[in-house]
Structure formats: structure tokens, C-alpha cells
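Can you build the whole structure from these sequences, using the hints too?
Chain order of the listed sequences is A and B.
Following numbering that gives the first Met the number 0, the numbering of the first sequence begins with 0 at its first residue and continues without gaps.
Following numbering that gives the first Met the number 0, the numbering of the second sequence begins with 0 at its first residue and continues without gaps.
These are computed hints drawn from the structure, not numbers from a lab.
Treat each hint with caution, since some may be false.
[Stated by the list, open to error] For lysine-lysine, the following DSSO-like pairs were computed, each having C-alpha atoms within a straight-line distance of at most 30 Å:
no.: 1; chain 1: A; residue 1: Lys102; chain 2: B; residue 2: Lys173
no.: 2; chain 1: A; residue 1: Lys38; chain 2: A; residue 2: Lys85
no.: 3; chain 1: A; residue 1: Lys118; chain 2: A; residue 2: Lys96
no.: 4; chain 1: A; residue 1: Lys11; chain 2: A; residue 2: Lys85
no.: 5; chain 1: A; residue 1: Lys118; chain 2: A; residue 2: Lys85
no.: 6; chain 1: A; residue 1: Lys85; chain 2: A; residue 2: Lys3
no.: 7; chain 1: A; residue 1: Lys102; chain 2: A; residue 2: Lys3
no.: 8; chain 1: B; residue 1: Lys214; chain 2: A; residue 2: Lys118
no.: 9; chain 1: B; residue 1: Lys173; chain 2: A; residue 2: Lys107
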Amino acid sequence: MNGKLAGVPLPKLETIHVRVDPPNQVRMSGTITLRDPAKDLAVFYRALHDATIQDGIKELCVDVTALTFVNSSAIRLFADWTTWLKNTPPAQRYTLKFRTSPKLTWQKACFSALLVIAKDVLAVEDA
Amino acid sequence: MVPKSPRSSAPPGTRTAGGRTTQSSAGPPQPSVPGPTFGQRVRAAFKTPGKSSRPPHREPVRRPVPTRAPHGEQAIALGGQVNVLVRISTRAGDESLTYVHEFVSHYATERYRAAVAESIRLAAFELLENGIAYASISSPVVIELGEQDPWVLVRVSNDAIEARASRLTALVEKLTADPQATYLEQVRRSVGTPGRALLGLARVAHEGGMKLDAKTTDGRVVVTAYRRS
Numbered sequence: 000m001n002g003k004l005a006g007v008p009l010p011k012l013e014t015i016h017v018r019v020d021p022p023n024q025v026r027m028s029g030t031i032t033l034r035d036p037a038k039d040l041a042v043f044y045r046a047l048h049d050a051t052i053q054d055g056i057k058e059l060c061v062d063v064t065a066l067t068f069v070n071s072s073a074i075r076l077f078a079d080w081t082t083w084l085k086n087t088p089p090a091q092r093y094t095l096k097f098r099t100s101p102k103l104t105w106q107k108a109c110f111s112a113l114l115v116i117a118k119d120v121l122a123v124e125d126a
Numbered sequence: 000m001v002p003k004s005p006r007s008s009a010p011p012g013t014r015t016a017g018g019r020t021t022q023s024s025a026g027p028p029q030p031s032v033p034g035p036t037f038g039q040r041v042r043a044a045f046k047t048p049g050k051s052s053r054p055p056h057r058e059p060v061r062r063p064v065p066t067r068a069p070h071g072e073q074a075i076a077l078g079g080q081v082n083v084l085v086r087i088s089t090r091a092g093d094e095s096l097t098y099v100h101e102f103v104s105h106y107a108t109e110r111y112r113a114a115v116a117e118s119i120r121l122a123a124f125e126l127l128e129n130g131i132a133y134a135s136i137s138s139p140v141v142i143e144l145g146e147q148d149p150w151v152l153v154r155v156s157n158d159a160i161e162a163r164a165s166r167l168t169a170l171v172e173k174l175t176a177d178p179q180a181t182y183l184e185q186v187r188r189s190v191g192t193p194g195r196a197l198l199g200l201a202r203v204a205h206e207g208g209m210k211l212d213a214k215t216t217d218g219r220v221v222v223t224a225y226r227r228s
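Encoded structure:
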């Protein structure tokens, strides 16, 4: 483990707060309503993905319990992330674990669907 | 009953995104007066110390209901009356989506239990985003929040080309038949594709647990999402 995750640049967005807590925790809070969040967030997720592989981390935990609302484009970015992971060689793969709030309906529906699409690389845990 | 167009049926005194009342649309053009934007006024209303965030009381306005009820017994009854609580008019290309969504979300949070408010919040965002994305610049996009016991509804109307309206109707029928499977299919399809995710209606139906209705009248498409309050 060489600490690449800790050096990932955070996205500078008005409505969302992101924190990276090494060795393997990421916390996201706020809302994502940008028309095109990919410009900032896809870059951030990709950097997290690459850093996690480089650090040899076997499970990356993303806490979204305080992420109260996201738009469709943001959901697509989570789906894209699972696809990158599925396309990673098995030896380098890690488990992407989302910590969710059972009180937020969007999280229940969204991450249940992602589990169907990427059950071999994804885990979901209720807070 | 043939519903009036959103512009002509606007209840008197209804606030619009530009701060005008719909009464002014029937009279001569008003001179343009510089002032705070709609978003600034919404934010100011929510941030003024000592001022309640609860929206001001408005007299209920009786309006026509959707003329099509594809959901059998669970659909909004034909011929019933909708009590419109909020009606906001904006335009394609406006940056008002966030502010309008913020206003409707606050209103819903004040008025309904958490699960219902969350559904309304989702529907308001997704339907309005669709309306703003697909409407032409010159035409208003109108969002309404209303009630028809026991339903609460979010309704967005905008102009649309026929092909778009047909695709919309087909998608609504698919979502009505199986919201969960259609949602999953849409999520799969969205992966890795550029541009808009096009998940909005599927989210409203599946995540929000809302029923959908779409109809086209005089070149305007009206999408209604509703659920029990």
C-alpha cells in the first residue's frame, strides 16, 4: 500500500462534500443536481478507482448515507464505476462497497439495481 | 373534459418563475424592471431570519385532471378536480431548475410525510429536467404540484415534437407495466453512454413509487406523476 488514495484530488462542487479517509474510506454528502456531473465526478471516481488498484486495496468503502439526492446522471456515474471495475483484471480487482441509508428510497432502488448488474464486484451495506 | 392549455388555464395570481403573475399574460406586455432573479428571491425567502420557510397560503384552484387513466382502478379518477398548490412557469435554457426544485422540495417537506416528500422531490426534478431539456426556447415549461384526494401529483407540461411525444408515451406504458424491470433495463443501457442518462422517468416510477401518465394536446406534452399522499 503506497497511499495513492489519500492524494486523490477532491471535486470542488457547491452542493456536495467529499472526504477521503485512508486507508479505504470515502464519504460523500449533500446533493448532486448538476446537469453534467461527469465533468467533475467521473474524473474523481476514476482517480479513486486507479488509486485503489495502485494501493492494492481489496475493499473500497464509499459512505453515501448523507447523500440525500442525486440526479440520473450521477446514478449513471456509479454504474460506470462498476463497469470499470468489472473490466479490471481479476487479480487487481477490489470490492466496491457502498454504505447506504435505508431511509433514502433512491439509494435502496439504485444500489439494488447496481447489485444486479455488478454483483461480483459490488457490495451494499445498510448503515 | 378537455383540459385547457397550461398558459390559458393558469389560475389568477399564480406566481411564475419570472415573478410575474399569470394575469399579466392576458394584458399588455409589462415593462422589464431589473431586480433579483427568481433563484435569489427563493433563497432570500428561505434564509431571512425569523421568516417561516412555509410557503404562503394560496386559495385552492380547481383544475381539470388528466384525461387518460391507464392504470385501472388505481389511476386518478376521470372528471375529478385537482387542487393546484404550486404552479411555476419557466423556460427551456433557464438556469432555474435548481431553484424551482429547491422550492418544490421545501414545500413538499413542509406539507407531506417524508416518503411522499421524497417522491415529490424526485419527480419534480426529473420531470422538470426533461421538460427543460426537450422544450423549445420560446415555449414555457410549467410545473405544478397538486392534490386530488387521495393522490398527490407533480405535473410538467412543455412543447415537444411528435416523435419525442411518441417515445415518451411508449416509455410510460412500459414503466406502467413493469417499473422495476424497465428501471433496471434503463440503468444497464445508460452505462458508458455519453450525454443525458435518460433514467428520469424510470426513477420516478421505480424509486419514487409513482404512477405516470403522459398525454399530448396541441403540441404540448403533459407528464403527470402521482402517488397516494
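Inset, instruction - Tell me, in ascending order, the numbers of any earlier hints that this structure violates. - result: Structure breaks hints 7 and 8.
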